[in-house]
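Chains as they are written, first to last, in the working numbering: chain A, 47 to 777; chain B, 47 to 777.
Since the hints were derived computationally from the structure, they do not count as laboratory data. For every residue, glycine included, the Cβ atom is placed at its ideal position computed from N, Cα and C. The reader is advised that the hints may include incorrect statements.
[Said to hold, decoys possible] Okay, the calculated beta carbon distance ranges per label pair: (1) A:Thr656 to B:Pro671: 22 to 28 Å; (2) A:Asn409 to B:Lys130: 45 to 51 Å; (3) B:Thr178 to A:Lys645: 24 to 30 Å; (4) B:Asn87 to A:Asn409: 26 to 32 Å; (5) B:Ser92 to A:Asp107: 23 to 29 Å; (6) B:Ser569 to A:Val166: 35 to 41 Å; (7) B:Asp233 to A:Lys645: 39 to 45 Å; (8) B:Pro610 to A:Gly472: 34 to 40 Å; (9) A:Asn777 to B:Lys172: 32 to 38 Å; (10) A:Thr658 to B:Pro671: 19 to 25 Å; (11) A:Ile232 to B:Thr656: 55 to 61 Å; (12) A:Arg705 to B:Pro610: 40 to 46 Å; (13) A:Thr658 to B:Lys130: 38 to 44 Å; (14) B:Gly768 to A:Lys645: 46 to 52 Å.
Residue-level listing of the chains:
2 protein chains.
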Amino acid sequence: MLKKIFVFIACFIFVYSNAQKHPFLYINKQDANELLQASKNTIGTSSVFKQSFLETKKEVDAFVGKEVDVPFPVDPAGGYTHDKHKSNYMLMFNAGLLYNITGESKYALVVKNMLLKYAVLNPTLKKHPQATSPFAGHIFWQALNDANWMVYAGLAYDLVYNFLSAEERNKIEIGAFKPEVDYLTIDLKDWYDRLHNHSVWASAGIGIIGLASNNKDYVDMALYGSDKSGKVGFIAQMDNLFSPDGYYTEGPYYVRYAILPYMLFANAIDKANPSMKIFEHRNSILQKALITCLQQTNSNGSFFPLNDALKEKDFTSNELVTAIDIARSKYGKDNGLLTVAKKQNRVSLDKGGLLISNELMSNKIDAFFPYKTIESKDGVLGDEGGISILRNGKGEDLSSLVYKYASQGLGHGHFDRLSMNVFDKGNEILQDYGSARFIGIEQKYGGRYLSENTKYAAQTIAHNTIVQDEISHFNGDTDLGQKYHANKLFSDFNNPNVQVVAAIEENAYKGTTLKRTLFFLDSIHGRKYIIDLFMVNAAVAHQFDLPFHYNGQVISTNFKYTTPKTLETFGKHDGYEFLWKEAEAIKTNGLAQLTYLNKEKFYTISTLTTDTTNIYFTRIGANDPSFNLRPETSIVFRKNKQSPIFLSVLEMHGYYDTRNEFSYDSYSKVKEIIVLQQDDKTTIFKIVLNNTSLLFALSNNNFDEKARHNVTVSSENIQWTGPYHFKKMAN
Amino acid sequence: MLKKIFVFIACFIFVYSNAQKHPFLYINKQDANELLQASKNTIGTSSVFKQSFLETKKEVDAFVGKEVDVPFPVDPAGGYTHDKHKSNYMLMFNAGLLYNITGESKYALVVKNMLLKYAVLNPTLKKHPQATSPFAGHIFWQALNDANWMVYAGLAYDLVYNFLSAEERNKIEIGAFKPEVDYLTIDLKDWYDRLHNHSVWASAGIGIIGLASNNKDYVDMALYGSDKSGKVGFIAQMDNLFSPDGYYTEGPYYVRYAILPYMLFANAIDKANPSMKIFEHRNSILQKALITCLQQTNSNGSFFPLNDALKEKDFTSNELVTAIDIARSKYGKDNGLLTVAKKQNRVSLDKGGLLISNELMSNKIDAFFPYKTIESKDGVLGDEGGISILRNGKGEDLSSLVYKYASQGLGHGHFDRLSMNVFDKGNEILQDYGSARFIGIEQKYGGRYLSENTKYAAQTIAHNTIVQDEISHFNGDTDLGQKYHANKLFSDFNNPNVQVVAAIEENAYKGTTLKRTLFFLDSIHGRKYIIDLFMVNAAVAHQFDLPFHYNGQVISTNFKYTTPKTLETFGKHDGYEFLWKEAEAIKTNGLAQLTYLNKEKFYTISTLTTDTTNIYFTRIGANDPSFNLRPETSIVFRKNKQSPIFLSVLEMHGYYDTRNEFSYDSYSKVKEIIVLQQDDKTTIFKIVLNNTSLLFALSNNNFDEKARHNVTVSSENIQWTGPYHFKKMAN
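When you get a sec, could you build the whole thing from the sequences and use the hints?
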């Protein structure tokens, strides 16, 4: 990801910013007039735009004519001074918008007074007392939050520029802005000159301040890095943090956050210098990034919780309101965006927001985002593995299988190579823990990532993938993980009966190859099936654990297990120390099945254990003295072998009607899983359902679409072309 | 509850039922015509009635012209034959309605064919093979379900009576009905002649069959018991199972279920013999029961999970759709019922259903049921304790404090004397486990109550009340518990600043008196406070545990505790064996505070521990080999003393805004709890908040509203009139 393929050095045609021009970075005078009309439109009383306008007005009006506190920073996130500065920058931005829309100077006064207070405060600030990383902020505990402040304070400054005297402008530029710009670009130069989402915010902050204050030096540093070479800075960040498909290496939760400074700064650049065509840069990478980001959500709008991710975040988050509104104004009408906008139920007070609001009134809006099977390559060149999202069903019955075989994903990446997560009916069925953090809650380590985040949530055992010898992938070393990526072997979404993806990871454990093939079958007699073939090839025998983090109430198992009288941890390190071992079944041999209930639907995991498998039930909660983790469960299949196969079926079935106290189809139909052939060249297996058998054949070393295969197993001749073969037969 | 105060013996004026009269027990011909018009009304395409009609039609149409299976009964609840017979009786009833509404004989044919099949099957049946109680059914595993069948089969028979030949009628009455009536009234006479919700269904079933088949003997047995003496039977059930306030001794979950046969049979009686004025019986007890039942729900419509109760049940359950529609037609328009009907979003295909559907179209419907503070006395005479529901706030911000000082509540009662539960913003804040059961799921013990229900869920430790020496109230003996009830000492809801209820339990433990006073304060600086004063008076020292089953994520505590390396159970019996001891704090001395987060709001429990208190954190899950229980948490305060006081504050505060990543008011304002005086006569204590102090004074032995009290504490003279005194002061 640190490789750079080309550096886009455009001379930024700097248009001299004069007072007549302001505001120009977010809305201009003509926009403001249109927005004023829309805010007054009585016909549109119920328009989302008008609602958003009134809400913003109500929030800002509470501060009009009052002394707003600009306190000396002392608290971590969640504490008073942190939260105050955070609400202050949004207040300035919103008041600046209202000043332009309504023309009422009381709003400009709010911004002016506050910026002048910051002009007094900021030169006095040193490293924040609550800083825990080398990248401390001044106003906030971390520099990232200072960068957020700069983005909104810079936009607010542009919005009230014409209201200020030259002397006031000078005070603000020298007092409020320069110390921040200097701090980030000089003191935190190494941090600023990175290809990382925090630095995107910093580039955007400095660039917006530069454009607003007519400071070419700032703008150039923003676009091309502190040395203006173009190796870093905003353009390099556009070139290097997304794959050509728009996949963001840190994952869906972070692209939600990162997309906003990209959009805000690109928007400002575009308004200052349209000839730069920033929104078309790299084949409209920002549009791709946005759409990819939205595709990486569950049908309830929640981002797939890959890497560090808080599960409560969905596409109605503030960042995406603004991002979608800017995208609308630049890329045109899009029904998918309208669906999201409708759920957001608010718009930005800008041109795009107004366009969307109008479209929401005049169009029939689809209930669901147009989810589809989508594959995103990771890496700047698209050659560092990727992620496949297989979709099955529609609307409320949409199921998503998320298969991650990407690169590490920088510091927020988890050790989750070849992990899969499953979503159905808007719920998490096989889950990823996400991150351990209570953002904005001071009592929980100032809202920062908790120690359990790296110690548990990022560890391999917290994911639905294989752990060797109770040690995480890459021994839990992010830098090592960052050097490697998994690789897709093949995928095929053309067969209407089955979607398939296979990927390989060769570096997570030295001498061991992990290979996982996932099949998502179209409904068979009303049930969806995911077939999970996880093949391990090791130099010597190891202990291999495959956990399934099932989410729901255990309904039944077909195997006997024992439950202990006292609970002990499942292991001692690499996340195992956080798990209580609630039950175990030693040396199972046959077909092991667990049926569980999630909300109103049944799910059965059926796993082949004929090569002798231990099964464990675990629950999170050990070694968690501050009760920081959620008590989630998993079933772990353990094989001690050199090269085991884990072959499992996840079956989605039935319905629990609590109102009528009926359950339908609550039993699995999987009767047998049989491996017919397994060698270096070929794997052939059969899954026997009640009335139907499913035959799968795979080539293990030739993924050529045109290669022809011919294998005879148990006197049956099986022929196929391409990497795999699937056949459904009556029993 | 078994006492009988008066027996209403009215001679049932039996009107000879002739063919011209049918149908008459649920709808008559005139109703059917009106319903037909409504079902055709194209203007009312979107009416709830029309939707319900079309849904019913769709369900029934699937079986028209087909052979519907009437299998020999073999399965428990959740199994095929159980579910089939259950769906069969609803199919007969619905098909019968459609026959009358549409006039299409294909629907009558469905009923006829099925009743004739039952006429062949029923005479062959013996005790169900899956029976686990002495009250086995024939068609189902328990007699209760057979009674359900009789109610609907009886109504269906009335609905198609005119379609049948005399010979067919004879076959059905002799073959399908008589074996069932005989079985319940002769073989299960002891069960039939009880004052119990199951027997209400049986009375209704036999009575409706009697009315439909013109069998006075059946009707008299239904109304007055198998010996027709009136000591039992439907009238006695109306007189003895509700308190005069309409409180149903088994609790809200069961009244939901029990109300239906009361309404269906009363409705049939009323239609057969209006002069009996059954709906006015006992001051319209059925209306009171229905309203009381609805008041016993949380603002999301869920029934308060007292006694055996499944938490997923709310007032949209089928039973209440029919009950509300019948109540509408008998008791007139009621805005509260309309609110509930709107959430139910379906109506019965009867006159009341149509009235409600029309009213839903023409009225503005309130978003919330008109919840209010309500007190219900328990016992036939209203002298067996009761339940107080204190309400605070409105709409989404409604909080409910449920205080139970009632009688045992028969076999489904829990050992929960003086327990309190708290609900806020539609969520459970201090919770009751409810019952351990997966109704309708065959794998979970055939959908019956699980053994963990009596072993854990019914035990005292599963409730927010005091346990002495780790032994449940009444030593967990239902018969013993049934002999006694708690008593209210006083309550006062007239002070706008505070609502208060005090109650006493003197029999749960021999030689020990439990006395709990709960205050619910109106918002102070935007926060609601519940003050819980639990005083124990014992003959000798004991171990007393007061658990609070908090529901949420631990945010912080102000006391240190230790967490063990291996988990052990909290105790060995009476439910303690199901709890893991996750943390403990020994000999705390001062103010102990736990702050937790439920959804988006903070709650703090502050407890005075100055008399030395051990504190434990527990989680359910031990000794639960089939994973039948939910892993819920509690904090337990333990005092080893002769007569301890447990004085606690539950504070509802702040807001966690995950979208904006802010938390507001996440810290408690309780600084100190001070007991100023404590003796047999008086308890005086003070709660010190940031800026305000709250002074409480109680008389411990004189609850006279007019008694004057005068106490001097720390040189301050406090005077008041009545059982308590409350004063809010600036610090």
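Problem - Assessment of proposed distance window 22 to 28 Å (beta carbons of Thr656 (chain A), Pro671 (chain B)) - result: 25 Å, holds
Exercise for the section: Could you tell me whether the CB distance from Thr178 (chain B) to Lys645 (chain A) stays inside 24 to 30 Å? Expected result: 29 Å, holds
Problem - Pro671 (chain B) and Thr658 (chain A) - C-beta distance against the hinted 19 to 25 Å - result: 23 Å, holds
Practice task
Mind checking the hinted window 26 to 32 Å against the Cβ distance between Asn87 (chain B) and Asn409 (chain A)?
Solution key: 31 Å, holds
Exercise for the section: Evaluate the given range 45 to 51 Å for the C-beta pair formed by Asn409 (chain A) and Lys130 (chain B). Expected result: 47 Å, holds
Handout entry: Hint check for Lys645 (chain A) and Asp233 (chain B) - Cβ pair distance inside 39 to 45 Å
Key = 41 Å, holds
Practice task
With 38 to 44 Å as the target window, see if Thr658 (chain A) and Lys130 (chain B) comply at their CB atoms.
Solution key: The hinted range 38 to 44 Å holds for Thr658 (chain A) and Lys130 (chain B), with Cβ atoms some 41 Å apart.
Problem - Outcome of range test on Cβ distance (Ile232 (chain A), Thr656 (chain B); 55 to 61 Å) - result: 56 Å, holds
Practice task
Take the C-beta atom of Ser92 (chain B) and the C-beta atom of Asp107 (chain A), compute their distance, and say whether it sits inside 23 to 29 Å.
Solution key: For Ser92 (chain B) and Asp107 (chain A) the Cβ distance comes to about 40 Å; the hint is violated.
Problem - Outcome for the supplied range 46 to 52 Å, where the beta carbon pair is Gly768 (chain B) and Lys645 (chain A) - result: With a Cβ separation near 50 Å, Gly768 (chain B) and Lys645 (chain A) satisfy 46 to 52 Å, so the hint holds.
Problem - Verdict for Asn777 (chain A), Lys172 (chain B) (Cβ pair) under range 32 to 38 Å - result: Between Asn777 (chain A) and Lys172 (chain B), where Cβ atoms are some 37 Å apart, the hint holds.
Exercise for the section: Mind checking the hinted window 34 to 40 Å against the Cβ distance between Pro610 (chain B) and Gly472 (chain A)? Expected result: 38 Å, holds
Going down the numbered hints, you'll see the structure goes against just number 5.
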